[in-house]
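Undergrad: From first to last, the protein sequence lines are chains A and B. Under numbering that gives the first Met the number 0, the first residue of the first sequence is numbered 0, with each subsequent residue one higher. Under numbering that gives the first Met the number 0, the first residue of the second sequence is numbered 0, with each subsequent residue one higher.
Hints in this document: simulated from the structure, not taken from any laboratory. Glycine included, each C-beta is placed from N, C-alpha and C at the ideal position. Wrong hints could be hidden among the right ones.
Short, incomplete list of chain B residues facing chain A, as computed with Cβ under 10 angstroms [claimed, not checked]:
1. Ser110
2. Ala114
3. Gly252
4. Ser283
5. Arg285
6. Gly721
7. Asn725
8. Leu777
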Amino acid sequence: MYPRSFDYVAPNTLAEAFNALGDNCKVMAGGMSLIPLMKMRLFTPGVVVDIGNLPDMDQITDEGDHIKVGALVRHGTTASDGLIAANAQALATAAALTGDVQVRNRGTTCGALAHADIAADQPAGALAADAVMVVESAGGSREVAASDFFVDSLTSACGPQEILTHIKIPKAGEDEGSAYDKLGRRGGHSDYAVAGAAAWVKKSNGSIEAARVALTGVGTKPQLAESVAEALVGTDGSDAAIEAAAQHAVDGVVVLEDLYGSEEYKTHLAKVYVGRAIKQAIANV
Amino acid sequence: MATSSALGGSVRRREDPALIQGKGLYTDDYIPHGTAYVAFARSPYASATINSIDTSAAESADGVVAVFTADDVSHLGDLIAQVVVARGRPLMAGTKVKHVGEAVAMVVAESARQARDAVDLIDIDYDPHKAVIDMREAVKDEVLVHDDLESNTVVAWEAGPFGDEEAIAATKQTIADAKDRDDTVTVSIEAVNQRLIPVAIEPRSVVAEWDDGYQRFRVHTSSQVPHALMGAIKTTFGLNANQVHVTAPEVGGGFGVKLNVYNDEILTCFAAQKLDRPIKWTESRREAPGSSIQGRGWVGTATVVGTNDGEILGYELDVLSDMGAYEQNFTAAIPFLGLFVGSGQYKFPTHWKATCVFTNTMTTDAYRGAGRPEAAYYLERVIDAYAREIGVDPVEVRKKNFIDKFDEAVVSPIGFAIDTGDYSTNIDKLVEVSDYEALKAERDKAREEGRYVGIGVSAYCEVCGFAPTALSELGFSWATYGLPAGFYGTGLVRVNPDTSVTVITGTGPSGQGHQTSWAQLVSDRLGIPIEKIRVIHGDTEESPMGIGTFGSRSLAVDGAATFDAAERVARKAKNIAAHLLEASAEDIELDADGGHVVGSPDSTVPWDDIAAAAYLPHRLGESEIEGGLESHVVFDPPNATWPFGSHLAMVEVDAETGNVEILRYITVDDCGNVVNPMIVAGQVHGGITQGIGQAMFEEAVYDSDGNMLTGSLLDYPIPTAGDLPNFELSSTVTPTNINSLGAKGIGEAGTIGSAQTIVNAVVDALAPLGVKHVDMPLRPKRVWAAIQEARG
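Chain A extracted, bound-state conformation:
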């Protein structure tokens, strides 16, 4: 399988990278999604800008009120990093369940987010963590909330001449917990999500003070299930309360049928995994 001809640029500085970015460009970090799509000729960029040489982007750092995850942090690092585990368990689990070990060694968390596959794991984790996407270009830097970042299938708010240089994950308090769970296309946790859910909860005096729940694999994009969170907040987080809230899993979601599930099945799975994720998130507090 051969991609169409393309130019390849591997800048050494962010400025050089911005300079190289034009209209028919694709930014490549790990290349785990981009290269197969190019070989299938579904993506035919004129220029590939490989950001693999950019300095200092492969770090996860504690920035006081948030955790910074650079553009070149691999899935495997996100999955095993102590800071991520302590502050965004849902994202850590989602990273651990992404691809296989080779993909996790090469692919990047920011790359998976910018790629915005409708069945990818980490977008749900980022949504639940309320991560902030920092998108930079020659014109400057802007911050996009995770809830505004995923636009459509394979479309994120990161423009063709922009680079998702890092994400910012808010620090979690003592009374917060999050989790991610999914059914993979190969069954169990294996492969892309047929349906997956990430949940974050904040408890206060035995009740749920705040919550965020995100879905992947089910709709036209990874997205927040806001009605679930609304239904959950103020409850005691009991199994009954969780189940009642989970019934809202696909409120406002256009559920897509595919080879792995009918609309009915995916709707059902969304509720099941929303319920499981919330339960685990509460357990993780």
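Using the hints provided, position chain B relative to the given structure of chain A.
TA: Relative to the frame of chain A, chain B by itself:
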């Protein structure tokens, strides 16, 4: 014999150090000087008339050497195939395309990428027609795949007992009478044995060179049957067999997909001759669903009638089998291979009906098991349903209906002679090693806890190492390729003057480890250690006329021939040693050092002296021993071999999601005597994996227009190690009496035994809910839907 290479020892595979270090040479690694590369333009329609093909832009593109279409190759005729009943494949589509992916034009360019780029510049004007994709629709003949044929039905046959119309009628009557009885139970299952895409880790590849001076083709190809390709090339191009030299170097998996001669191989040869330069084509994963055969694709109804206590009085199978759009090597013969084991290892009357139909899809043909996994699936699914219906343990039902132990051939109810069998002992061992009663208790306890745990058991009898050569009357030979050679085995063993040994076999591995087990066979006879034995395979010029690697045939047929050849060389070596020692040949034994007089360790003649005498025959004096130290044996077995076994799976279903987890997978296979247990275990592992792949993951899906929806590995999930349980393997040993090794085949057994084992287990898990059947693959969505349906 106390050497590391003793027969029955787990000798480590000698081929692996090269393979795992990336030093193995596969077809795509051959790049003769001046090679040009091929890419094909393929049809995007399942059925269409080709109005025009404009190749001008492609011809003037960078690097393009030539573009060919059907008009350029029409003088070569259609692709030659062994069994064509109704319609073979054209080399390229001329006026009509019949399936998505069919080759329409061929670009030759200086690089593979330039060839691929130029494909996009070919302008083909199609006039699409209504296609027929589902075989249940195709059989109605409302839309014809080939409008010059009267029907989509290629062939329909009834059998059991085989061939005899009177006996068939009597069997049908016996079964009908049993159904009419008040004291019997009749159970039917309608089931799909879905179409699969075989996935070898090495895609197909071919490199063709034309020697215009000597008028010879030199071809490297990733094939299980290089001799068949040699025959197809010589016949297509009007040459002699000795003008075509085909080699299958390392082959990275075959599974039946490479048991075919392909149009791309012939077209690559055409381009090499026409352009007088080396030409290479390597398949891409993306085009494989249109360029390589697929497997399975049956839908049918299986019915069992029996008593309330488990005696089965009759079995019927009525199936449709999807041929795809054209027949290739064995396409229409695959259901017939299933018929061989249509009644399994059971003694009840059996009646089969199979209808083979064309559809506007890629051709189907042999895929690991080829007809036999399908046959075992229907039989073992419906026996399981019957056992459940009457409330008798599925192991007991099977044992009650097995043919009793036999060591001389018996004729099965479907009419084929089985070599040897001991089925009850085999399943008893499964009961023992699995601690079946404890597993059942564990399952029942889990059920009480509200969990859905199930146990599935199945038995299988398969047939492999197809023989004798008289089967050529049924189409099993390479006669159509201009090589009237039947499915015999061939082995040549040569002790060289320096006492190294060269072994040449007519078969060739695609991962099976011949380099190791063939050396073990020869070492066992000669005593020469395997390190000094080299095995040459897959080469039409080096080897005597060979047949190839398929149908688990290599060891039982070609291996046995090699073993016999080694025995003859050993006898000659003993004669030479006896002559040199002035002893009697009967008193000589061989080992790594040479020949000894039994009981007189000092009376030794080293191998160096034996070999020197053979190649300096004056030293043999008046002995009448001829010079040389080699033997070539052609072995025509009197029968195929019939391995068997029993499998057990324990699964847990998450009833909320339909997810299936395999908790245990336990097998007791019987392939007779074993040359290398580690290699046999590897074969069983791979076989089970592909069976589980069918049971749980894989399905080739076309939409109603004939577009392939599962054309990449993204959408066609094959099992990985992480998706599988630990396999727990045991065996019984019932040697065959049809070859000197006592060995039966094992390549396909795991696949033949496993898919229905998993489905039986899942149905058992869901039995408390009333689920009676779930079609494969058991993706969670399907299991969940079955649960919903059962719950109403």
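Undergrad: Given a cut of 10 angstroms on the nearest C-beta pair, is the interface hint for Ser110 (chain B) held or broken against chain A?
TA: OK, holds: Ser110 (chain B) within 10 angstroms of chain A, min 9 angstroms.
Undergrad: The hint names Gly721 (chain B) as touching chain A; please verify it with the least Cβ-Cβ distance against 10 angstroms.
TA: 6 angstroms, holds
Undergrad: For the hint on Ala114 (chain B), just tell me whether its beta-carbon gets within less than 10 angstroms of chain A.
TA: Nearest chain A Cβ about 9 angstroms off; hint holds.
Undergrad: Does Leu777 (chain B) hold up as a contact with chain A if the rule is Cβ-Cβ below 10 angstroms?
TA: 8 angstroms, holds
Undergrad: Given a cut of 10 angstroms on the nearest C-beta pair, is the interface hint for Arg285 (chain B) held or broken against chain A?
TA: At about 5 angstroms, which falls below the 10 angstroms cut-off, the nearest Cβ of chain A leaves the hint on Arg285 (chain B) intact, so it holds.
Undergrad: Just to be careful: measuring from the Cβ of Gly252 (chain B) to every Cβ in chain A, is the smallest value less than 10 angstroms?
TA: Constraint on Gly252 (chain B) not satisfied, violated at 18 angstroms.
Undergrad: Please verify that hint: Ser283 (chain B), Cβ, nearest Cβ of chain A, below 10 angstroms or not.
TA: This interface hint holds because 4 angstroms falls under the 10 angstroms limit.
Undergrad: Taking 10 angstroms as the limit, does the beta-carbon of Asn725 (chain B) come near enough to a beta-carbon in chain A?
TA: 16 angstroms, violated
Hints 3, 7 from the earlier list are contradicted by this structure; the remaining hints agree with it.
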